[in-house]
Amino acid sequence: MGQILEFTPLLIEGTWMTIKLTVVSAVLALVISFVVGLSRLSSSRSVRVLATIYLEFFRGTSALVQMFFMFYVLPLLGLTLSPFTAGVIACGFNLGSYGSEVVRGAVQSVGKGQHEASTALNYTVYQRYRYVLIPQAVPMMIPPFGNLLIELMKLTAVTSLITIADLTFVAQIIRAQTAMTLEPFLLILVIYFLIASVLVGFTDFVARSIARKRHITLAGVRRS
Amino acid sequence: MNWSWTVAADVFPLLLGGLVVTVEATIMGAAVAYVLGLFLAIMKRSHNRPLALTVYWMSEFIRRTPLLVQLYFLFYVLPDLGLFLSPLAAGVIGLGLHFSTYTSEVFRAGIDNVPKGQWEASRSLNYNPLQTWRYVILPQAIPPMIPPLANYLITMFKETPLLAAITVIELFNAANIYSNSYYKYLEPMTLVGLLFLLVSIPAAYLAMRLEKKYTVRR
Numbered sequence: 002m003g004q005i006l007e008f009t010p011l012l013i014e015g016t017w018m019t020i021k022l023t024v025v026s027a028v029l030a031l032v033i034s035f036v037v038g039l040s041r042l043s044s045s046r047s048v049r050v051l052a053t054i055y056l057e058f059f060r061g062t063s064a065l066v067q068m069f070f071m072f073y074v075l076p077l078l079g080l081t082l083s084p085f086t087a088g089v090i091a092c093g094f095n096l097g098s099y100g101s102e103v104v105r106g107a108v109q110s111v112g113k114g115q116h117e118a119s120t121a122l123n124y125t126v127y128q129r130y131r132y133v134l135i136p137q138a139v140p141m142m143i144p145p146f147g148n149l150l151i152e153l154m155k156l157t158a159v160t161s162l163i164t165i166a167d168l169t170f171v172a173q174i175i176r177a178q179t180a181m182t183l184e185p186f187l188l189i190l191v192i193y194f195l196i197a198s199v200l201v202g203f204t205d206f207v208a209r210s211i212a213r214k215r216h217i218t219l220a221g222v223r224r225s
Numbered sequence: 438m439n440w441s442w443t444v445a446a447d448v449f450p451l452l453l454g455g456l457v458v459t460v461e462a463t464i465m466g467a468a469v470a471y472v473l474g475l476f477l478a479i480m481k482r483s484h485n486r487p488l489a490l491t492v493y494w495m496s497e498f499i500r501r502t503p504l505l506v507q508l509y510f511l512f513y514v515l516p517d518l519g520l521f522l523s524p525l526a527a528g529v530i531g532l533g534l535h536f537s538t539y540t541s542e543v544f545r546a547g548i549d550n551v552p553k554g555q556w557e558a559s560r561s562l563n564y565n566p567l568q569t570w571r572y573v574i575l576p577q578a579i580p581p582m583i584p585p586l587a588n589y590l591i592t593m594f595k596e597t598p599l600l601a602a603i604t605v606i607e608l609f610n611a612a613n614i615y616s617n618s619y620y621k622y623l624e625p626m627t628l629v630g631l632l633f634l635l636v637s638i639p640a641a642y643l644a645m646r647l648e649k650k651y652t653v654r655r
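Residue numbers (the working numbering), protein chains in the order written: chain L, 2 to 225; chain B, 438 to 655.
Warning: the hint list may mix true and false statements.
Here are the computed lysine-lysine pairs in the DSSO-like style, where the Cα-Cα straight-line distance is at most 27 Å [what the hints assert, rightly or not]:
| no. | chain 1 | residue 1 | chain 2 | residue 2 |
| --- | --- | --- | --- | --- |
| 1 | L | Lys-214 | L | Lys-113 |
| 2 | L | Lys-113 | B | Lys-649 |
| 3 | B | Lys-553 | B | Lys-649 |
| 4 | L | Lys-113 | B | Lys-650 |
| 5 | B | Lys-481 | B | Lys-553 |
| 6 | B | Lys-553 | B | Lys-621 |
FYI, nobody ran anything at the bench for these hints, they're computed from the structure.
The following block holds chain L by itself, in its conformation from the complex (with noise of 0.2 Å):
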């Protein structure tokens, strides 16, 4: 055990790339899932059906498959991208196809009479959106989110079959140069969840500052 101390800097590194390959990936995600989610509303049938496409190729193809697709055959047609950001893209538009179908669901959730309110006040389409139908969806957005960013993070171990040294690679480095297998392979479990519950506590702290601040009860989460 005391052999993996040596690895220290590494596995500080492995984590830290972690850690930057999920949040950069998430904003990704998070903007795609408004601007795809949102098409998916458009009155314009060549946007949904855009929005569409790219929802179902997204969600119906493997993960793996889509980054090995941006790392290795993307550079052939003359487009090369950098490990980390071919990584951060695969897990970003992945996940942003799930994000999608949570915005276009709480938006769709908001009641009819707010639609109509919206049109006998006159507001366009953006008005609607921005200040009626967007700010009472958000608060139902969040658990969800928030289960999709540990899914996003998980996703991120993925990246070290396309070279990043993330946990997962430092874990393998480990196992190649010293044959141990249990020790670094449990410690990356253990920083994994570690990593996760601090992910979980953050969505449930924006839950229930959101609930406070609008005086609201959302299902499933604890008031304070």
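Dock chain B against the given chain L, drawing on the hints supplied.
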């Protein structure tokens, strides 16, 4: 770089062989996930607090850590502890174990959603526990569980490429081995993507139909 039909025709039979392994791994993994998930759900509902809490945190641990690392764990660590598994067996156990923590939530919610009056009614009819589960609870609990369980089957199908990392030659790995030997990446990877879509889109459509059929209105 242009698409070559010769390469595509060359790699296609290998991919079909891989697809068979992918489907096998999915079905066996799902069987493990469903059976184990049901047991986890029952234990999480147990009145024995230490047992319920232990099972809860064990499944949270599995749920919050990556499947890929769990697969490595099964594949590299267990042989050192004296337990040798074939790559496919390790993959099926890993998939099943990981997703049993998800299916257990489906089972738990399904059972919890049966109204309390139904338990009381079976007691007043003097049903024994077996009769209660067999004739009252399960017939009401199972139909709403079917759509989410079907969705997890599709999710597991899409996760099987991770088994490539522990040397299982499934659909993705079959393409990858070919790609690395001939330096042809475009055709194999594109075909793998298409084959995944070919299975998962109709499957998602079927799951949606199931959802419509089994949605209970109260």
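Hint-by-hint comparison with the structure:
| no. | hint | in the structure |
| --- | --- | --- |
| 1 | L:Lys-214 x L:Lys-113 | holds (24 Å) |
| 2 | L:Lys-113 x B:Lys-649 | holds (22 Å) |
| 3 | B:Lys-553 x B:Lys-649 | holds (25 Å) |
| 4 | L:Lys-113 x B:Lys-650 | holds (25 Å) |
| 5 | B:Lys-481 x B:Lys-553 | holds (18 Å) |
| 6 | B:Lys-553 x B:Lys-621 | violated (60 Å) |
When each numbered hint is compared with the structure, a violation occurs for hint 6 only.
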